[in-house]
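If you want the building blocks of each chain, they are given just below.
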Amino acid sequence: MSKPTDLIQGTLGLLILKILALEPTHGWAVAQRISQMSGDVLQVGQSALYPALHKLEQHGWIESEWKASEANRRAKYYSITRTGRKALADEAANWERLAGAVTAIVRTA
Amino acid sequence: MLRPRLLLRSVLHRTQVDEELDEELQYHFDSLVDQGIERGLTRQEAHSAARRAMGPVTQNREKCREVRGVNFLDDLWRDLRYAGRSMRRSPGFAALAILIMALGIGANTAVFSVVNAVLLRPLAYRDPARIIALGTREIAQGPADFQQVSIPNFQDWKSQNSSFEAMAVYGSREAPVVAHGAAAYARATEVSAEFLRVFAVAPFLGRPFAGDELKQGSDPAALIGYAYWRDHLGADAGAVSQTLRVYGRSYRIVGVLPRGFGFPDKTDIWVTALMSADDQKYRTAQNWRAVGRLKPGVALKQAQAEMDAIAGRLAAQFPESNAGRTVAVVPIMDRLVGNVRLTLYLLLGAVGLVLLIACANTAMLLLGKAMARTREITVRGALGAGRGRIVRQLITESLLLSVIAGAAGLLIASGGARVFIALAPQDLPRLDEIGIDRWVLVFTLGTSVVTSLVFGLLPALHASKLDLNEALKQSGTRSTTSGGVTRMRGLLAVTEFALTVVLLSGAGLLIKSFVALQNVEPGFRPENVLVMRATVPVRPQAPEANRYFREILPKIAHVPGVLASGATMAPPGHVESSGAYFVDRMPAQFDVRSAPEAVLSVVAAGTFPALGIPVKSGRDFNEGDTDGRPRVAVVNETLDQRAFGKQDPIGRKIVCTYDNFEPMTIVGVVGDVRQTGPAVAPQPECYMPYLQHGFNGNALSIVVRTATRPESLEQTLRQVARETSPDVPVAFTTMDASWGENVAAPRFRTVLLGIFAALAVCLAMAGIYGVMSCAVGQRTGEIGVRMALGAGAGSVLRLVLGQGLRLAGFGLALGIVAALLGARLLASMLFQIKPGDPFVYLAVATLAGAVATGASFIPAWRATRIDPLTAIRHE
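Sequences listed follow chains A and B, in order.
Letter 49 of the first sequence, counting from 1, is numbered 55 in my numbering, and no numbers are missing.
Letter 679 of the second sequence, counting from 1, is numbered 700 in my numbering, and no numbers are missing.
Careful, some of the hints might be misleading.
[Claimed, not checked] Facing chain B, a subset of chain A residues (Cβ under 8 Å, in silico):
#: 1; residue: His32
#: 2; residue: Gly51
#: 3; residue: Gln52
#: 4; residue: Ser53
#: 5; residue: Tyr56
#: 6; residue: Pro57
#: 7; residue: His60
#: 8; residue: Lys61
#: 9; residue: Gln64
#: 10; residue: Arg79
#: 11; residue: Ala81
#: 12; residue: Tyr83
#: 13; residue: Arg103
#: 14; residue: Gly106
No lab work stands behind these hints: they were computed from the structure.
Idealized CB from N, CA, C, for every residue including glycine.
Kindly produce the complete structure, drawing on both the sequences and the hints.
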C-alpha cells in the first residue's frame, strides 16, 4: 500500500473543499474527517493541511472565522464559499475523469 | 490570483495574522495530544507523539506565509532597502547613473509632454472627432490640397448634404477694434449661422446670435471670448449689450463664450459674417474657410463620398469654376496639427534614441558594478539564493535607480518643456496647452520601469549565470572578468556609438539644410528695417483708407534716423494676394484658372529702397502715381522674363485680376524677392501703387530703414501714429524677426536635434571611455609583460587606441547604414540637399572618429604609464 502522504498534487484541495461543503469546521476536524472517511487510508499532516487551507482561502474558495469549538476553545472555522462550490464541482468532475482513466489503464490485463 | 484584501491584512496586521496561525497550529497540536490521551497514552507520551506528528513547525509556518503572498512583499521591501544601502555605499556611481538616466528620461518626458499636448490630447470641444474642416480640393493637386471655399459652393454643399448636422463658414484676421474708446488689434472672426453648433459651444453669459442677426445687412452682433472679456472689458457682466467697433462698424455684444474656446487662432471676437456681393456671386471667390460637425454615427469616409458626389454634380453644372474640383473633408485636428506632426514625431524618435544611448551607458556602468560584486553575488548563490532571486534583487536595484531618475527627469522635463516652448515656432498649435498631466506622469513612470529592465536585465542575467565554483576560487579582492562581460560591454559600446552616429547624421543633414536656407539670397535686405503695421478701421475697399497713409508716410520720412520709408500690404515672407495677369490687354475670353499667375502687391513710393529691393530698370513709383493719373505698375524680374523674354517691358501694358481690370503701364523692373520665405523660389510679382488701388489699401505695413537699431524708433513712430489718428491701431516688428518666422520651424527642429545629438555624443564619449578604461585595467598584466619584453610607449598606445577605434569603427559603419536608411524620413524637411548627402556623412564620420580617438586616448595614455614591474607583480 502506498504511504498515506502520497496524495496526488491538488487532490488535497479537493478533499478539503468536499469536507467543508458538508459543514464548516476547523483544521483539525478536516484532517480527522479525511482519515475517517477514507477508512484511515489517507492521513493528512499539518505540514500539508494548513498551507493548503491558507491557499484555498487566498483563492477565495473558502473563508474563515474564529468560533468556539465543541471543546469550548477558540478555533478557526473554515467554510466553503460560492466560488468554492463551483470549484469543487469542477475539481470533482476532473478527478472522476482522471480516476476513471487511470483505472481503465490499470485494469487492462 | 491573490486576494488584495487578505494580502493587505497579512502585511499590515502581520503579528496578528502570525499569532492566529500559531493559535491554529496550537489547537491542532492540543487536539493531537487529547487524541493520544484518549487512546491511553500518558500526557508525556502523547506530547512527544504529537510533536513528532507535527513535524518542523517553523518551516510549515513559512509555507503558509508564502501562499499568502507575504514573502513576496517582504522580499521586495528587503531588496529595496538593500538597494538603497548599496547606492549609499557607492554614491558616485549612483549619482552618475541617476544623472544619465534623469537626462534621458527628462528629455523624453519634455518632448512627450509636447507631443501629448499637441498631437494626442483631444481638442477641448465636445466630440472633437466629429468636427471636420471642409475645403476646395483641386483633384489634380493630390489628396493634400486644401483651399478655401466660395460662398455659392458652400451653400450648395450645405443644402445638399445629409452627413453633417451643422456647417459654417468663417474668416479671421487681426482687426482694428475700438472698445471703451481705445483702438487696438484683436483677432476677429466673421462667422456664419451654424458656427457655434459646429463646436457645440454656447455663451456662458448672454445669448448666441439670433436668427435675424445672421441675415445679411441686419443688425450686427458680436460674441466675445473669455480672455478678451476679462482683459478688455473688466470681466463685467454688463459687457453684454455694450458695443464694439470692428473695422469701424458697430457691433452689439450679445454674449461671452466660455473660457478655453478660441477657434480659430485664439479669436477674441466673433461677429456675424458680412459677405460682399462678389463673394455671394462668384464660385471662384474662394475667400472663406469652412467647418462642419458630422452627424453621430456618420463615418468620415461616408461624408467624403457624399461630398464627392455633390462636388461632381456642381462640376457638371458649373464646369468653368468647378471642373476638376472636389471637397476636402479633413478632421479639424489634422488641419491644426498636420504640418507639425512629422517634426514632433521626429523629435520624439530622436530623443528616444538618446534614451537608448543613456540605457546602454547605464547598463555598462551596472555591468562594471556587477563584476565588482561578483564575490557578493556568488556568496549569496552559495548560501542558497536561487537564480531568479538574485536577478530579482539586481533588477530591484536598477528599478530604484530608474524611479529616482524618473523623478529627477520630471523636474528636468518641466524646465525642458519651457525651453521647448521658447524655441518653438509661434504658429505651433496648442502651445499653451503644454504641461505635465496624468498621461505625462504615466509616460515617465512607464519609461522609468521599462528602461530599468533594458539596462538592468543584461547585467543581472549575467551575474546570475556566474559559475559559483570558479568565482569563489578567485583570490581575495580581485574581481573576475570573464570574456563574456568584455564582449557584452563592447557590444553595448558599439550599439551606443551607432545610435549616436544616427543622431549626428540626422542633425548634420538638418544643419546643412538650415545653413543653405540661411544663405539663400532673399532679394532684399532685412536688417535694420522696422515694420509698423497699421489698419485703418474701415472696410477693406473704402477709399478713405488712403488718406491716413498719405498723411502719415511723409511724417515718418522726416523722423530723424529714418533712411528710407515706404509701405506695402505684404512685407516679404507673406503673400496677401495673387491672381492672373495678362500682357497688353485683357483677352475677351480667358480661363482664370489656367492664366499665368503673379503675386499682387500694392505698395507706396519708397518701399523698394526701404526694403533694399534693387530697381533694375525704369523707375520706382513716386508721389505722382495717384488716382486719376495714368495707371502704372512695376514688375519683378521673374515676371519680366516669363512674360517678355528678351523684349523690353518698360512702357508695355499689363492687366492684373486685382480690384480693377484696367491696363497698367509698366514703368519699372525690380529684383526678385522670395515672397513666401527662403525655401520657395521667387514667383512673378506685380507691384501697384496703393493710391491707385483701394483694395487692401486700409491695412499696410509701413517699412522703415533705420540708421541704428530699428527698435529704437518704435516709440517715436508710435507717437507719430497716435497723433495722426488715435483710431488706427499699430503693431511693431522688425523685418529680421518677421522674416525669421519663415524659418522658425526648420530652426526649431535643427536646434533640438542638434541638442539631442550633442547629448548623445557626450554619452557615447563617456561610454567608450568607460569601456577602454576597463579594458586597460584588465590588460594591465599583459601590457606590463609587453613593455617588459621591450614594447615602446608608441606600440602600447597603438594597441589600446586600436582597440577603441575598432569598436568605434563597427559602430560607425552600423550607424551610417542605419542613418542612410532612416534619413529618407527627413527628405521632406531638407532644403537643397539630399538625404544621402556625402559631405554630411563624411563630416559625421570625421567627428565620430575624433570623439572615439579622444575618448580612447586617456586610457591609452594611461596604459603607456604602466610600470611593468608593478603590473606583473599585481597579477
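How the hints compare with the structure:
Taken as an interface hint, His32(A) checks out: its beta carbon lies about 7 Å from the nearest beta carbon of chain B, inside 8 Å. Evaluation of the Gly51(A) hint against chain B yields a held restraint, the C-beta minimum of about 6 Å falling below 8 Å. Taking 8 Å as the C-beta cut-off, the interface hint given for Gln52(A) holds, the closest approach to chain B being about 5 Å. Restraint check, Ser53(A) versus chain B: the minimum CB separation of about 5 Å is within 8 Å; hint holds.
A distance limit of 8 Å between C-beta atoms decides the matter here; for Tyr56(A) the minimum to chain B is near 5 Å, and the interface restraint holds. Annotation: Pro57(A) was flagged as interfacial toward chain B, and the flag holds, the nearest CB pair being 4 Å apart, inside 8 Å. A least Cβ separation of about 5 Å between His60(A) and chain B falls short of the 8 Å threshold, and the interface hint therefore holds. A hinted interface residue such as Lys61(A) counts as satisfied when its beta carbon comes closer than 8 Å to some beta carbon of chain B; here the least separation is about 4 Å, so the hint holds.
The closest approach between the C-beta of Gln64(A) and any C-beta of chain B is roughly 6 Å, which is under the 8 Å cut-off, so the hint is satisfied. The criterion of a C-beta within 8 Å of any C-beta in chain B is met by Arg79(A), whose closest approach is roughly 7 Å, and the hint holds. The beta carbon of Ala81(A) is positioned within 8 Å of a beta carbon in chain B (closest approach about 5 Å), and the interface hint is therefore held. Because the smallest distance between the Cβ of Tyr83(A) and any Cβ of chain B comes to about 11 Å, over 8 Å, the interface hint for this residue is violated.
Here the hint on Arg103(A) is broken, as its CB sits about 24 Å from the closest CB of chain B, past 8 Å. With a least beta-carbon distance of about 29 Å to chain B, the hint placing Gly106(A) at the interface is violated under the 8 Å criterion.
The structure shown violates the earlier hints numbered 12, 13, 14.
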